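J.: Using the supplied hints, reconstruct the complex from the two chains, each of which is provided in its own coordinate frame.
Here is what each chain is made of, one letter per residue.
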Amino acid sequence: MNALGNLQRLESESIHILREVAASFERPVLMYSIGKDSSVLLHLAMKAFHPGKPPFPLLHVDTTWKFRDMIAFRDQRVRELGLDLIVHINREGLALGHSPLDGGGGRHTDVMKTEALKQALGLHKTDCAIGGARRDEEKSRAKERVMSFRDAHHAWNPRAQRPELWSLYNCRINPGESVRAFPLSNWTELDVWRYIRDQDIPVVPLYFAGPRPVVERDGQLIMVDDARFTLRPGEEIREENVRFRTLGCYPLTAAIRSEARTVDDIIAETLSARTSERQGRIIDHDQTSSMEKKKREGYF
Amino acid sequence: MGEETTSMDLLQFLTCGSVDDGKSTLIGRLLHDAKLLSEDQAAALQADSKRFGTVPGGLDFALLVDGLEAEREQGITIDVAYRYFTTAKRSFIVADSPGHEQYTRNMATAASTADVAVILVDARQGILTQTRRHCFIAHLLGIRHVLLCVNKMDLVDYDQVVFEAVRDDYLAFQATLEFGSVTAVPVSALRGDNISRKSDEMPWYTGPSVIDFLESVQVNAGICRIGARLPVQWVSRPHADFRGFAGTVAAAPLSLGQAVVIEPDGGQTRIAGISTADGDLDIAYPGQAVTVTLADAVDVGRGDVIRDAESVMQTSDQVQAHLIWMSAEAMIPGRQYRIKLAARTAQAWISDLKYKINVNTLEHVAAKTLELNDVAVCNLSFDRRLACEPYRDCRETGAFILIDKITNETAAAGMIDFSLRRARNLTRQRLSLNKQVRATALGQKPAILWFTGLSGAGKSTIANIVARKLHLMGRHAYMLDGDNVRHGLNRDLGFTDAARVENIRRIAEVARLFVDAGLIVIVSAISPFRSDREMARGLMEAGEFFEIHIDASLAICESRDPKGLYARARQGEIKNFTGIDSPYEPPAQPELRIDTDAVSADAAADQIIDLLERSQ
Ligand SMILES: Nc1nc2c(ncn2[C@@H]2O[C@H](COP(=O)(O)OP(=O)(O)O)[C@@H](O)[C@H]2O)c(=O)[nH]1
Numbered sequence: 158m159n160a161l162g163n164l165q166r167l168e169s170e171s172i173h174i175l176r177e178v179a180a181s182f183e184r185p186v187l188m189y190s191i192g193k194d195s196s197v198l199l200h201l202a203m204k205a206f207h208p209g210k211p212p213f214p215l216l217h218v219d220t221t222w223k224f225r226d227m228i229a230f231r232d233q234r235v236r237e238l239g240l241d242l243i244v245h246i247n248r249e250g251l252a253l254g255h256s257p258l259d260g261g262g263g264r265h266t267d268v269m270k271t272e273a274l275k276q277a278l279g280l281h282k283t284d285c286a287i288g289g290a291r292r293d294e295e296k297s298r299a300k301e302r303v304m305s306f307r308d309a310h311h312a313w314n315p316r317a318q319r320p321e322l323w324s325l326y327n328c329r330i331n332p333g334e335s336v337r338a339f340p341l342s343n344w345t346e347l348d349v350w351r352y353i354r355d356q357d358i359p360v361v362p363l364y365f366a367g368p369r370p371v372v373e374r375d376g377q378l379i380m381v382d383d384a385r386f387t388l389r390p391g392e393e394i395r396e397e398n399v400r401f402r403t404l405g406c407y408p409l410t411a412a413i414r415s416e417a418r419t420v421d422d423i424i425a426e427t428l429s430a431r432t433s434e435r436q437g438r439i440i441d442h443d444q445t446s447s448m449e450k451k452k453r454e455g456y457f
Numbered sequence: 004m005g006e007e008t009t010s011m012d013l014l015q016f017l018t019c020g021s022v023d024d025g026k027s028t029l030i031g032r033l034l035h036d037a038k039l040l041s042e043d044q045a046a047a048l049q050a051d052s053k054r055f056g057t058v059p060g061g062l063d064f065a066l067l068v069d070g071l072e073a074e075r076e077q078g079i080t081i082d083v084a085y086r087y088f089t090t091a092k093r094s095f096i097v098a099d100s101p102g103h104e105q106y107t108r109n110m111a112t113a114a115s116t117a118d119v120a121v122i123l124v125d126a127r128q129g130i131l132t133q134t135r136r137h138c139f140i141a142h143l144l145g146i147r148h149v150l151l152c153v154n155k156m157d158l159v160d161y162d163q164v165v166f167e168a169v170r171d172d173y174l175a176f177q178a179t180l181e182f183g184s185v186t187a188v189p190v191s192a193l194r195g196d197n198i199s200r201k202s203d204e205m206p207w208y209t210g211p212s213v214i215d216f217l218e219s220v221q222v223n224a225g226i227c228r229i230g231a232r233l234p235v236q237w238v239s240r241p242h243a244d245f246r247g248f249a250g251t252v253a254a255a256p257l258s259l260g261q262a263v264v265i266e267p268d269g270g271q272t273r274i275a276g277i278s279t280a281d282g283d284l285d286i287a288y289p290g291q292a293v294t295v296t297l298a299d300a301v302d303v304g305r306g307d308v309i310r311d312a313e314s315v316m317q318t319s320d321q322v323q324a325h326l327i328w329m330s331a332e333a334m335i336p337g338r339q340y341r342i343k344l345a346a347r348t349a350q351a352w353i354s355d356l357k358y359k360i361n362v363n364t365l366e367h368v369a370a371k372t373l374e375l376n377d378v379a380v381c382n383l384s385f386d387r388r389l390a391c392e393p394y395r396d397c398r399e400t401g402a403f404i405l406i407d408k409i410t411n412e413t414a415a416a417g418m419i420d421f422s423l424r425r426a427r428n429l430t431r432q433r434l435s436l437n438k439q440v441r442a443t444a445l446g447q448k449p450a451i452l453w454f455t456g457l458s459g460a461g462k463s464t465i466a467n468i469v470a471r472k473l474h475l476m477g478r479h480a481y482m483l484d485g486d487n488v489r490h491g492l493n494r495d496l497g498f499t500d501a502a503r504v505e506n507i508r509r510i511a512e513v514a515r516l517f518v519d520a521g522l523i524v525i526v527s528a529i530s531p532f533r534s535d536r537e538m539a540r541g542l543m544e545a546g547e548f549f550e551i552h553i554d555a556s557l558a559i560c561e562s563r564d565p566k567g568l569y570a571r572a573r574q575g576e577i578k579n580f581t582g583i584d585s586p587y588e589p590p591a592q593p594e595l596r597i598d599t600d601a602v603s604a605d606a607a608a609d610q611i612i613d614l615l616e617r618s619q
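For the protein sequence lines, the chains are A and B, in the order given.
Here the first sequence stands for residues 158 to 457, numbered as in my numbering.
Here the second sequence stands for residues 4 to 619, numbered as in my numbering.
Because the hints were derived from the structure by calculation, they are not lab data.
Owing to the predicted nature of the structure, the values given are computational and were not obtained by experimental measurement.
Some hints here could point you the wrong way.
Covered by chain A, according to a simulated footprint, are these stretches of chain B (three or more residues, beta-carbon under 8 Å) [unchecked claim]:
no.: 1; stretch: 83 to 92
no.: 2; stretch: 268 to 280
no.: 3; stretch: 403 to 409
For glycine and all other residues, C-beta sits at the position ideal for the given N, C-alpha and C.
Chain B with its partners taken away, still in its complex shape (with noise of 0.2 Å):
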């Protein structure tokens, strides 16, 4: 060290293993040959391991690397830790992640920003089912180089024909994966050899060092698949004079003059200019963040991708994706989520969830929903067409997450395969006959009452008075009663958290069917999912949907029971009963809630009536 490393380039790296395979130590012993425990540093180590360490006597490398104090209790590595150390050759970023089935989501997360994965395997064990799931991560999330240490040599006498075994079957096993280069080494993690110099008790091994490869792997040959691409992330317009779109470079190399296309929308013009504060550029890089001008007036806003006009890239609002799920909360078909892809921020919802991968034998499963660290390959649908492309070819444009749109908790990460292209193809009907014509025709502004509700809080009682209320003052309106509907369309849905919104999304449409045609629709239905409402409520025009609480409390509307079904969810004869053992999320900021304890029916009706013809 002590050399010039400012052009010294950076290696990321992901570490996996089991527990206990050895990989804090190896960590520890990589940052501990590097020189960089300070003498505090060193000097907490050796109190730390006194005092939680596992090795009697000696040093607990594990100890430097475990950092938050409930995993240092349980001596369990749990969430994603990085770490920095750097030799005379290359700065090295190290993700660390622990290795159990219950933690593949952090483990998808190191490895999404790494360059090379080093899987450890205990040479005592083998290949075991978890050293199979770490590689197939390791390959979904797009990592081409793997180096396989195998460790605690020391504690099988360094034996090559047990070293020798364990490779040969581990190569078998990953040949279907395709990785771009596969390098396995024998180490003693706690002892240090193999690891920053050659081990002299292995002179049969005359492959590199762990670190004499991650000094020398080469990982950026053969990533410009495609041609540059600039997602948008911050539109600058310091003055009148000047107007840059700021983003990071993707996939190629972006250069002056360049003939470009702005996407999704598909305005054509060239790179006037590649602004930084170190001065104009010629060409930027991939990786490079830079602010580009463009000769015309095209409109670019924030999320749209700037790319090379002689490549091709996909605009679609369907695409198969593989899903990694990373939330507690389950996936349910049909719910919307909010998807951020580059710097695109867009409504997207799984339209055909078509298998699981068992992470242990890759076997593919039927699913319908998934669960925190399920992989899934499904089909998504978006409220629009992003410009997308498959992430083998482009990470950046290739990857994104899910964000539950009430917690706002990150659902899930994904990387798409392709897009399907069925969605462009099909044109739509075109009718000269619109919405608005319908609407004009009958005197009216179409909308919809969405009344939501505990059952027996009197949601039926009151549409019904609006309904002839209406029908009295001349409109045109139409009902939709939640038991009517489940009669007949949605006959086949049951009450699970999944046919509940499946229930819900075919009411909306049809609601949506009968506004386009010019209707006041009046829904009524328990819809207990506040997403769900949002759906409906983002299926309709800005002021077209009135979502009205009906509400009474439980205590009430169980008093009440008008039709014995609380009686009979109480005594456990209805599953799945909202407001027993099915949850009802009230609205936030409803256009109007009528409290049924304080109101009568009809005074209910009357200012459900007056709220809709303000707006009329």
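Next up, chain A with everything else stripped away, as it sits in the complex (with noise of 0.2 Å):
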């Protein structure tokens, strides 16, 4: 008996999701965020329609802030494979004018992520979104199911979750509720770097390092992506050899000082990483069960 290796394994798994999804919920879409998971995921998605494509749009859900290179990336990729993707922008939220650099972004993110995704999502009549979150990334995920589910207010509520035995995925739901998808829910940080170095799949340059304009700020390292920072007293814009481990809203990932320029040494850094990629993550550091609480409310 030939035993599959473990990204094989993984690669499997997640194409089975895939296709129970795209079998059994009418709207679904693939929650497209540019990074390296979502990298991953559209890759997955290509090869289990393979020859076909995906039945589903992607859909990026836009906040404005994203770094300029990612919408690059994105645009030129969704042309290259030929999809549809939606791109989503809370409007109104826009004219609130909340700043990711006012006092935390929490109401940026509030306004222009959890808000605008919940409007996207009913505005599709999405029954189904496919997203790239993966359980070892943060505490509270380690009980995530694979298909979540979220009554009719988008929230999560960890009590109402159903079981999930063998492969075997229980995706019907009464009109208005929704689930979130979660393919990936089974691969670690490493797991994705290999598997993307493996398969070759293209990720956006800002995973590698490359000199690049930063300030210091409380600790952490911020890449002035536009005109639109703005920087406070004592500050200065610095070069400096970056990379990101994760990607979002420019004034809200910290960049780390790296030397990776390849997968592999990406790979090799994250073996011996000595902080979890989520440090990377403002947003995570406000209290212990932050990334629970934004759950319930609907972030993702």
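T.: If you want it as structure tokens, here you go:
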């Protein structure tokens, strides 16, 4: 008997999940956030339906504060693969003018990300949103289901989650309810990078080290990606060799000093990493269970 | 770590133990020793240990794995948590499940994907009831290998005698369960003895450490008892020249050119191609997600199983199965559930609940219903023949879940023991005279007018008028009144939920026979449960079933109280009275709703006849 290797097993499991979603829901979308996990997810979706195309569109919730490189990469990938992309911006939210540069960026994230996502899912009558979250990212995610049930208000209730046995996913929902599907649940950060290397999957160049203009703020390195960034007294822009372990809104995503210029370098760096990837996400730091709270409110 | 791990394999294991046996500590220790704790996680652990910790002055590894806020505050592990770590030899997925009896369903969930069960016992306490329970559930879910960790050896002076007593006790008990292998190891999770390194404290122990065992245990041996199976998930038709069937291979390799049968219909063909995005394959292994093309244009859809023609596979509409009840809402025999078996969804009901199994003593207990966490053996019927087989032969085609048709909750998980072939041997009497012929002779289209509503809403009054009017119109109609049926056919039934379900099932079956005879049947029964009315609807052909809600508020019905029943129910003389101490679930989308406050009984009857005539 030929046993499948770790990555092959993970790949097959993800494909199985993507096919279940396509067969069970009427209007699924793939949440494409442009990061490395999304890149793997997209790659798996292409594989799952080969030689056809994935039978669902991509959805990007654009907060208008993403790195410029991310947007360029997004548009290029979608063009190359010939896929449908829905870009959603919370226009009313934009008018409120919350900036990620103000007070930790919490309001901005609520309005332009959490609210915007709910808007987009409502607008497109999405019954299943496929996301790239992994269980190893954060403690409260360790108990997340592959098919995570959300009530009509998009809320996640840890007590109302359905038991998930074998690879038998319960995809039944009533009108208005929805499911978040996480095909990468069982992948680790290292699996993701190894798979990117083995499959030669394109990722945003920001993951690789290079000289970039950064400001040191509250002990974090923030890249100055456009003219909206305002310096505080005493701050100065320096050029440093940095890269990102995770990508989001540029003022809310910390860079790390690194010389990792290839995927192999990144794997080596990840193996010896002394900080977990989520530390780059500034919104997680507030309190012990902030992620769990965010999820209950509908943040991914 | 740091070696090439791309081609490494993956082991999934389950940890089970009772509260405080040290399960969380063990997992935290494994993660810690695998150097998986990053600096910020370690710092958070230190901070959390101060805030919530139970180990004075030390690191509380348990905090690493107790995820949800509520659980952390209560200090118990409620849900299954999945953890990941990698050593130089293998990648691991740990399913961490709680040990209390009230979390049997969580443990079963964790066990369903595990290759190995790591069972913890406290050396001071030895084998307890819960250890037996954990073992039984692991066995029930088909886990073949057990690692018994006798923990807290530091608290018994690392005494060999203590360890051996616990081990022997365990071996004696598990002998009946026939695991593939059982290994016992003395450990201290807290201090790291025999976890990832051999303990200096126990030189007398010569077996593997926990990690040694996990890195080397072989789990794939002997899984190929049957031929290849490919449950079809998705039919791929990107263009006119390609028709592929996508799914994950199970049980045995599937190869190019292989003769296959499409179940349950029995079509025969060959594998013409095995396609993946990385190129075509000659052979696909179990666990691999592929898309196959077939040599002939046979009929294949989602839920069908493509199987090796050389192997035997049952198709059946009745099986015996083990069930684990997972819903807070009790099981009712005869009630219809949705079954999901591989990629197939169908209707299923428990036709015979044989017995419950006491998970602590393994005794068989007679039962009429199943509640959350109950384990039972029962016969299950399906509304059609399904391709399935014993769970011990193939998990992918032998496991299923039952889904509540109203709430969509996962109500139960099940494992098929074997199929009951009775249904297949019993060929139905072929009648040349059929419903169509009889209905034409009567000059009408048979139908059911199903009146539902509270006692006293006016069902019988209106039903009687409708029957009389239909008779005058020359229609052949018959009335089945719930109260009258209870005097004869159903006089053995009471008013518990289960009896109400059976009451409605019989009425529905009788109504179906009358419809088959070509008649228009007027059913007048409280029929309080939505799922039962849906069951009745499911027995009929499309367009034959008219659900009519005779709607009156409880207050109105109670004020009418023609038979004085409400008064008696209020005084507690009648138990389980609908609307008082038994629920009524109004129809969501009835064909007709009659508001008895607004229209007279006669006008209501006319509306109903109108509805019927429009369909004739
Ligand atoms: N002395 C000693 N204490 C232990 C050991 N393993 C766990 N404990 C303690 O036993 C208690 C319960 O452990 P925990 O891991 O939370 O148990 P769980 O409920 O099975 O997850 C904690 O106070 C642990 O520190 C051990 O090997 N030796």
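J.: All hints, please: hold or fail.
T.: Status of each hint after checking the structure:
1. 83 to 92: Holds: 6 residues of the stretch 83 to 92 of chain B have a Cβ under 8 Å from chain A.
2. 268 to 280: Per the Cβ count (3), the hint holds.
3. 403 to 409: Since 3 is at least three, the answer is holds.
Violated hints for the displayed structure: none, as all numbered hints are satisfied.
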